[in-house]
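*Asks:* In order, the protein sequence lines correspond to chains A and B.
For the first sequence, the UniProt record's numbering begins at 1 and goes up steadily by one.
For the second sequence, the UniProt record's numbering begins at 1 and goes up steadily by one.
In short, the hints are calculated from the structure, not lab data.
All values reported here derive from a predicted model rather than from experimental measurement.
Any given hint could be a false lead.
Just so you know, same-sequence chains aren't split out, so a pair can sit in one copy or run between any two.
[Stated by the list, open to error] Below are the EDC-like pairs computed for lysine to aspartate or glutamate, each with C-alpha atoms no more than 20 Å apart in a straight line:
#1 232 x 482
#2 389 x 50
#3 221 x 231
#4 135 x 231
#5 77 x 386
#6 135 x 482
#7 456 x 552
#8 458 x 231
#9 221 x 386
#10 135 x 552
Read off the chains here:
2 protein chains.
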Amino acid sequence: MDALRRPKRSAVFAALDTMLPVWILLNAVSGLKAEDDGMEELATEKEAEESHRQDSVNLLTFILLLTLTILTIWLFKHRRVRFLHETGLAMIYGLLVGVILRYGIPATSYHNKTPPSCSLKEGPVSTLLLNVSGKFFEYTLKGEINSREIHNVEQNDMLRKVTFDPEVFFNILLPPIIFHAGYSLKKRHFFRNLGSIITYAFLGTAISCFVIGNLMYGVVKLMQVVGQLTDKFYYTDCLFFGAIISATDPVTVLAIFNELHADGDLYALLFGESVMNDAVAIVLSSSIVAYQPSGANTHMFDASAFFKSVGVFLGIFSGSFLMGAATGVVTFTKLHCFPLLETALFFLMSWSTFLLAEACGFTGVVAVLFCGITQAHYTYNNLSEESTKRTKQLFEVLHFLAENFIFSYMGLALFTFQNHIFSPIFIIGAFIAIFIGRAFNIYPLSFLLNLGRRHKIKGNFQHMMMFAGLRGAMAFALAIRDTATYARQMMFTTTLLIVFFTVWVFGGGTTPMLSWLHIRCCRRKSDGPQAEGQSKTKQESAWLFRLWYTFDHNYLKPILTHSGPPLTSTLPAYCGPLASCLTSPQAYENHEQLRDHDSDLLHNDGDLTFMFGDTAITANGASGSTSEEALERELDSREQELLSRGTRGFFGSTPHLDADLRQHSPKH
Amino acid sequence: MDALRRPKRSAVFAALDTMLPVWILLNAVSGLKAEDDGMEELATEKEAEESHRQDSVNLLTFILLLTLTILTIWLFKHRRVRFLHETGLAMIYGLLVGVILRYGIPATSYHNKTPPSCSLKEGPVSTLLLNVSGKFFEYTLKGEINSREIHNVEQNDMLRKVTFDPEVFFNILLPPIIFHAGYSLKKRHFFRNLGSIITYAFLGTAISCFVIGNLMYGVVKLMQVVGQLTDKFYYTDCLFFGAIISATDPVTVLAIFNELHADGDLYALLFGESVMNDAVAIVLSSSIVAYQPSGANTHMFDASAFFKSVGVFLGIFSGSFLMGAATGVVTFTKLHCFPLLETALFFLMSWSTFLLAEACGFTGVVAVLFCGITQAHYTYNNLSEESTKRTKQLFEVLHFLAENFIFSYMGLALFTFQNHIFSPIFIIGAFIAIFIGRAFNIYPLSFLLNLGRRHKIKGNFQHMMMFAGLRGAMAFALAIRDTATYARQMMFTTTLLIVFFTVWVFGGGTTPMLSWLHIRCCRRKSDGPQAEGQSKTKQESAWLFRLWYTFDHNYLKPILTHSGPPLTSTLPAYCGPLASCLTSPQAYENHEQLRDHDSDLLHNDGDLTFMFGDTAITANGASGSTSEEALERELDSREQELLSRGTRGFFGSTPHLDADLRQHSPKH
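Pulled out of the complex, with its shape left as it was, chain A reads as follows (with noise of 0.2 Å):
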C-alpha cells in the first residue's frame, strides 16, 4: 500500500522524494523483510526503491557538478583565467558527465519487458482509473509516445530520468535569474540609454525574428528539395526558432566587461538588451504559438489571426509588465529592526508576483522581471541596511545556482536527450541566419538611433553589439519547452549547439575582441566615467527621460520611498494635507539635512549612503539643489555603485583593488 503511494510523483519532484530505499548496507534487511510481502507488492516496492535510489543518485550527479564547477571557478578566479567563463565551464562539465551517463554506464533497467497496455476509444484523458481484481487505482497522463518506444519505455531508465520536466526551467530556474538581471538593472547607464535599450530589444527582436524566421524557411524549402526533411516544417516552425534564438544572454561577455571595466555605456546597451529581449522572446514565442491560421495546419499568411498574435503579445506584454510593475511598488515595507522578516517578505513578494502573472495568464518571467527593476528603484530604498544585503546576497546565490545547473544541464543534454535531430544544412542555416538577424538588428537601428542620439554609438560599439549576441539560459529554456514535434526537436538540437559555440567561442574571445576594436577599459574604479559623467549626462539626457526623472523624484519617489523631498515641498499648495500625510517622517528628517548640510547630501541621505559600497565622492556636492543637479549627483553615485555591484554580482568576488591586494599579500 505504502510502495504504491510512492510513484505519484514527477520530474525533480520526484528526484527529490526519495525516502527510505535501503539500499546499500541494509540490502540483507530489505531482503529479510520483503520476504513476507506478496510477491506483487514486493515487484513493486522494489521497483519504487530502486527508482528512489536512482533518482537521489541523478540529482546527486547534478550538485557533483555544480561542486566541481564552483571549484574550478575559483581555481580560474585565482589564478586569472579569463578566457573561459564559469557557464561555459558548467556545460563542459556537463558534456562530459553525459558522455558519461550515455556510453559508460550499461543499461540499467530492471526488467525491459514492454509494460502492459489497454484500449479506449475516447481520447487521451488526464485520469485513469485501472479496475484490477475490483480495487481500483489512479493513474495520470505523462505523454504520448512514439510508437518505436513501446517496448524501452522502461530501458534506457538513467538517461530517461536524468531528464527534468521543461516546465522546470520555466518555473524554478529562470524566475531567480531574470528577477536578479531586473534586480541589477538600477544603473545610471540604464536609465540614460533607456530608449536605446527598448528599441533593441522590442524593434530588434521582432526583426530579429522574423529574418531568422525567413531564413531558416529558405533553409527549410532548401531541404525539402535535397530531400533531407522528413517530417512536417511549417513557416509558423521557422518563426518560432526566429524568436527563440533572438533571446541573447550575454553572460560571458558582461562577466569580463565588469572585471575590465569596459565602457558604462557598452555594459548597459548590451544588459539592458539582453535582460529585455529575454521578456520580448518569451511572450513573441507563444504569440507565434498562438498565431493560427483559420484553415487548420496551412502556412499560408492570415492577417486576422496575424493580428490576433499581435494583440495577444500586446496584452500579455502589457498586462506582465503592469502586474510586475504594481507588485514591485506595492511591496515597500516598513519592517524595519527585522532583517529576517524584511528578507523572507520581500522573497515571497518577488515569487507572488510570479504567480500572480501566471494565474492571470500572463508571463511570470516578465512580470517577475519589471518587479524586480521597480523593487531595485523603489523598494530597495525601504529596506534596512541589513535587508538590503541579505536580499541581494539571497538572490545573488539563487542566480549563481540556477544559472550555472541551467548551463552544465545543456551540457549534459547534448548527450542524455533522446529525440536530437542533427540536420547539418540546417545547422548551418541556422549559425548563418542568427548572424544576418543579429546584423539586421544592430546595424540599422543603431543607425536610426544615432539620428536621435547626442552621444551617438560609434561603429566599434556596434561591432561589439554584434558580436556579444550569445545565446543561453532562455533560448534553451524555450527550446526545451516543447519537444513533441519534428520541428521541435531539430531546432533544439540546434539550439543547443548555437548556445554551445557562441558561449564558448564569442565568450572566450571578447578580450581580444575588446582590444582589437580599441574599446577602452579603465583599470580603476572611479576615474574616467566619473569625471566625464557631468557633463555627459546634459549632453544626453533625452526631454523624455527628463519628464520622467522629474515626476520620479518629485512625486513616486517621496510616496513610494522615504527618500527624495517631502511632498509638501514639491506638491502645490492646495495639495497640503494629502501631502504631508503621504510623506513618511523619515523624508522630512532626511529634507532637513538635506538642506543644512547640502555638500554632504550623499552622506547624510539615509538610503543612499550605504550604496556606496567603500568608496564615498563629496568632492562633487556643490551648492543649490536644483532637481538637474541632484540627478547628476545621484546618477554618478550609481555610477559607483554599477562597480562595486557589478563586480560582485557576476564575479561574487571583493572589488577588483582588493583582490589585487589580497594576491600580493603572504597568505595566496
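For this one, chain A is given, so just place chain B on it according to the hints.
*Replies:* Just chain B now, kept in the frame of chain A:
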C-alpha cells in the same frame, strides 16, 4: 500535442508549472484561438489551462498566508506580544483559509463524470500504456483509490489540489529546518549537557514511544469493546503512533526562552533533546514499519522480527550519523575572498549529504542534522567572515520560510484533508497517553541522570521540560507521510489536534509557567551565566567530555580548521613531518599571535573574533594557556554567541537591547 505534454507533473511541481493559461484579460483571445483546434484537443487543453491556473492560485494562497503571517509577527514583535508564537499564528491563518476553501467556495469541478476505467488481470504496474486508435499514451500510477471515491475523483478539485505530496515535507521542507537546528547547536551548554541530552533523546524517546504505544493499544481495545472501531488497528500501528508523537518540537517555548534569556542549561537540554529526538523518532518509526512478524498481519510479539527492527534502527541511525558527520568534516573550504562561491558550495554540500544518505538507504534528515552539527563545529571556522554571515542568513531564511509553511499547512490540512477520522475516545486517550509518556521520559531519567550529574537537574527544570513537550513539524510530517489505512488516518487527525493544542496552550503558557516555576531569567545578556560559567564548567564537565574536548582541540580542530594549536606542538615529536604537512600556514600564524599576546587570545584568533558579534570579552583573558583554561574561555565565548545568535536565529531581530534602544528613538 503541447497540451498533452503538460500534465506530466505532480504535487507542488504541478502547482508551479503553470505557463500561459491566458485567463482573465485574454479570455476572449484564448476562446477564439481554441475554436480552431479539434474538439478533443480543446477539452484537454482547456482542462490543462484551468488546472494550471488553479495551481498558481493555490500556491499563491500559501504565499499570501506566509506574507500575512510575517506582517502579523512583525506587529506582535513591535508590540511585544508574547502569548502567540509565529508558528501558532501561521496555524491560525491556515485554519481560516482552510475553512474558506472548504465551505466558502462552491465545487469548481469542470466535469463531474467518473473518469474512464479499464481492466487488467495483473497487479498494478507503475507504467501503463493506453492505446487510443493506434496512438499510445503513457500513464503513471498515482495511487490506489477508494471505491467510494471513484465518482468524485475530479470533484473537490480545489481541496485535492491544495494537498501536497507528503514527501515534499520530508525532502524539501524538513531538511532546512533540521540542518538549521544542527547548525545552531554549537553552544557551550549543549556540549556540557551532551550526556543528558543523549539520554533523553534515545532512552527517553524509546520509553515515550513504548508507553504511548501500549496505552494506545489499551484505548484501541476499549474502542473495540464499545464498538467505536470500524476497521483494523494493530499493535504495530499503536507503536508507530507512539514513535511519531514522541518527536517534540518546542519552538515556541525556545523562542520565549531566548527572548527572556532563561537558564542556559535548561535551554540546551530542551533544544538538544528536541533536535535529537526528531532524528530518533524518524528512524524509530521506520524500524517499526520494518517490524513484520512472520505470520503476515498478526499483532503477536515476534522476537526475531523485533531484533530485526532493532538492527534496522541501529543500522540506519549509525549510518546516517556517520555519513552526515563525514560530509560535514569533508566540506572544509578554502575559497576565501569569494563569499558567493563559498556560500554556494556550503549549500550544495549540505544538500548532497541529504541525497547521498537517501541514495545509500539511510535517512537524509538525520544525516543533515549531524552534518549541520559537524559543519558548525569545524567548517564554520574555515569560512571567511563574509561567508559565515551569508550561510547563516541563507539557512535562517530557508528555515524560517519552511517552518512557517509547515505550520500554516497544518492549519489548512484540518479542513482540506479529505480523510479525517475524528474519534473522540482515541483523541482523549492520545492526549492522556502523551502526558504519561512524557512523564515516564522526563522524571525517571532525570532521577537517574541526577545520580551521575554534579549539577543536578532541579525539580522545577524537570517540570518545565515536562511542560515543554510540544509537538510540531516532525510529528506532522511523519503522520501525513502515509495516510492510506484507517489506522493511519485516525493517527493523522489526532496528531494534528495534539499539535494545535500543545502549540497554542503550552506555547502560550510558557511565560506564566516560567515565573510560576521560579525559573531564573536574566534580563541582561552577559551577566549571570558568564559569571558563573567559570566555576560551573569545572564542576560539571564529565571526564568523557574532557577527553573528547582535548582530542578535538589538539588533533581534530588543527587538521580540519585553521584554528587551534598547530599539530606540530600537539603531536609527539616523531610525527613531526606528518604534523607539519597537515597544519595550515594560518594555524601557525594564529599560534604565534596566541603565544605573543596571550591575554588577547580571543581577539587575535582569526576565527573566533567574529563570533562575538558586538560583545567582546577580554576581561576573562588570563595568562597561561593550558588546555583547560582555553576550554573555559572558548566556552565563555560561545556563551556570548549563544545569546546573540539565538536571538537572531529565533526572532530574526537585532538583540534585545538594541530593540529597546530603538523603541525609545523618535523614529518609531
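*Asks:* Should residue 232 paired with residue 482 be assigned to within, between, both, or neither, using CA atoms and 20 Å as the limit?
*Replies:* So residue 232 and residue 482 pass the 20 Å test inside one copy only (16 Å; across, 48 Å).
*Asks:* If the cutoff is 20 Å on CA atoms, where do residue 77 and residue 386 land: within, between, both or neither? Let me know, please.
*Replies:* For residue 77 and residue 386, only the inter-copy Cα distance (18 Å) is at most 20 Å; the intra-copy one is 28 Å.
*Asks:* Checking an output row: residue 389 and residue 50, CA cutoff 20 Å. Within, between, both or neither?
*Replies:* neither (43 Å within a copy, 39 Å between copies)
*Asks:* Should residue 456 paired with residue 552 be assigned to within, between, both, or neither, using CA atoms and 20 Å as the limit?
*Replies:* neither (26 Å within a copy, 66 Å between copies)
*Asks:* Within, between, both or neither: how does the pair residue 221, residue 386 come out at a Cα-Cα threshold of 20 Å?
*Replies:* neither (59 Å within a copy, 58 Å between copies)
*Asks:* Could you figure out if residue 135 and residue 552 sit no more than 20 Å apart (CA to CA) within one copy, between two copies, both or neither?
*Replies:* Classified as neither; 66 Å inside a copy, 59 Å across copies.
*Asks:* Please work out whether the CA atoms of residue 458 and residue 231 approach to 20 Å or closer within one copy, between two copies, in both situations, or in neither?
*Replies:* Neither: 46 Å inside a copy, 82 Å across copies.
*Asks:* Which holds for residue 135 with residue 231 at a C-alpha limit of 20 Å: within a copy, between copies, both or neither?
*Replies:* between (43 Å within a copy, 18 Å between copies)
*Asks:* Using 20 Å as the alpha-carbon threshold, which applies to residue 135 and residue 482: within, between, both, or neither?
*Replies:* Answer is between: at 19 Å across copies they meet the 20 Å cutoff, but 36 Å inside does not.
*Asks:* When no copy is named, should residue 221 and residue 231 be tagged within, between, both, or neither for a Cα gap of at most 20 Å?
*Replies:* within (12 Å within a copy, 69 Å between copies)
Checked against the numbered hints given earlier, this structure breaks hints 2, 7, 8, 9 and 10; the rest are met.
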